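Spelled out, the chains give:
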Amino acid sequence: MAETSASNPFEALDEKARRLNKALTQKAPIGQTPKAVVWTLNKAKLYRYTPVVPPEQRHPVPLLLVFALMNRPSIMDLRPGHSFVEFMVKAGYDVYLLDWGKPGKEDQHMTFADYALEYIPRAVRKMKTVSGSEEFSLLGWCIGSIITTLYASLRPDDGLRNMLLLTAPLDFTAKESLTFAKWTDERYFDLDKVLATFGNMPGEMIDYGARALKPVENYVSSYVKLFDNADDPQAVEAWHAMNTWMTDLVPIAGGAFRQLIDDLYRNNRLIKGEFVLRGERVDLARIKANLLNVIATADHITPACQSESVMSKVSSTDKELIRIKGGHIGIMAGGQAKKTWPLIDDWLASRSK
Amino acid sequence: MSDKQQPVNPFDPATWQAGRDAYLDAWAKAMVEAVNTDQYAKATGQMLDSYLSASHPLREVLEKSMVHALQHLNMPSSTDLTALAERVTNIEMRLDDMDAKLDRIVKQFAQAAPAKPRGVAVKTKRARSTKRG
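Read top to bottom, the protein sequences are chains A and B.
Residue numbering for the first sequence is 1 to 353, as defined by this note's numbering.
Residue numbering for the second sequence is 1 to 133, as defined by this note's numbering.
Calculated directly from the structure, the hints in this document are not laboratory data.
Since the model is a prediction, treat every value here as computed from it, not as a measurement.
One thing to keep in mind: the hints can contain errors.
If you want a taste of the chain B side facing chain A, the calculated C-beta under 10 Å gives, among others [said to hold, decoys possible]:
{"hint": "1", "residue": "T15"}
{"hint": "2", "residue": "L24"}
{"hint": "3", "residue": "L52"}
{"hint": "4", "residue": "V61"}
{"hint": "5", "residue": "L62"}
{"hint": "6", "residue": "K64"}
{"hint": "7", "residue": "M66"}
{"hint": "8", "residue": "M75"}
{"hint": "9", "residue": "T79"}
{"hint": "10", "residue": "E92"}
Output of the computed footprint for chain B on chain A, the stretches with three or more beta carbons under 8 Å from beta carbons of chain B [unchecked claim]:
{"hint": "11", "segment": "55-62"}
{"hint": "12", "segment": "112-126"}
{"hint": "13", "segment": "168-174"}
{"hint": "14", "segment": "188-201"}
{"hint": "15", "segment": "305-315"}
We put the CB at the ideal spot given by N, CA and C, even for glycine.
When you get a sec, could you build the whole thing from the sequences and use the hints?
Printed below as a string of structure tokens:
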């Protein structure tokens, strides 16, 4: 038997136990990159990250980040040294982030129209004032990419120069490949009853849905891996930060959830050109901004088939689709993130002059 | 020097860990297949529906009692507060529009204002108080 290098094995065990206890019972500090609130509306806040690069070296076109409606956008700024926001700020971008906040009972009637035609245009308006630039780049991730796509289609002349879509669930044609489509089928999921009961779709139910896609990995293996890596403070810190983000649950406004299930999952209206917001038909062909579409090849939440077809629908002349090995969250905040970020920077830098 | 053949130790943590991981992998694959079936979708849908149906009468009674009690206490209900919050959001939107208009006006003024000449320092005389001893 090898001799232990620890002078006191009980101390090592105690430290390990404390580390595990902290990871399992406390919140990790996430979203640490310095920022300031520049605009608010209802629960939404627009943050501007403090630039670290001198103005003359900065990209003049600002970048607005839009995440999904469930979960916090702090996934884009998970922890120092492992933050997409930090990376882009250091790369010289004027970075803004739109935090949707947590909808209350009074927000249950909010729909994608509110998000795409009220909140984003107003946030963009403020961003233009603060940045001094009439053109901007817009990055949407997950359901954030649905909202940015809707905005880009309905307001193509607002100054949108570059649009970046990450793991974008836009095409719901291949229902047999979409687990969520099966679970929310009209035969099994009474949407009206759920929303009549709760108003907004509870974050706990969304969380269960996301975890149930891979139940053993999410409810068992994740904790087994934590225990296996308990001697590695870096690994525990990474787990802790990710778990803090995952457990910060956010409900989805009832109106938006209804559209997500009925208009998108069940009837695929966006790709079919039948999606109507406030009397305006969403025509993807009106999108003319430069487009970067990033697909995660091991994405079990948004399979590649959901993101590919948009490339043939838009009118953008400068468009590129890249596939990155990794999962829905992993490509931006996990193991593959540090390969993804430079690709985004490479594409965006030349288009942000 | 010849290598000694080490006997397999069934209590070796590495062996146990490998076995555990293999079991978890197999279990994970089986569960992913299971949750992708129509039967699973039907079962979870039925469970949710049962819960919502069973809890509906109680929720309705609680809600009515609460509204009744609050009315008697002359206090607002959650519906009243929700309506108020919606109006506050509308007010916020109008304020946001006003803020945007002010930003535009300030910008226009800044662009239109000519460069001011440097002001000349003006000496002012102070009234001196004279003391007569």
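Which numbered hints does this structure break?
1, 4, 5, 6, 7, 8, 11, 13, 15
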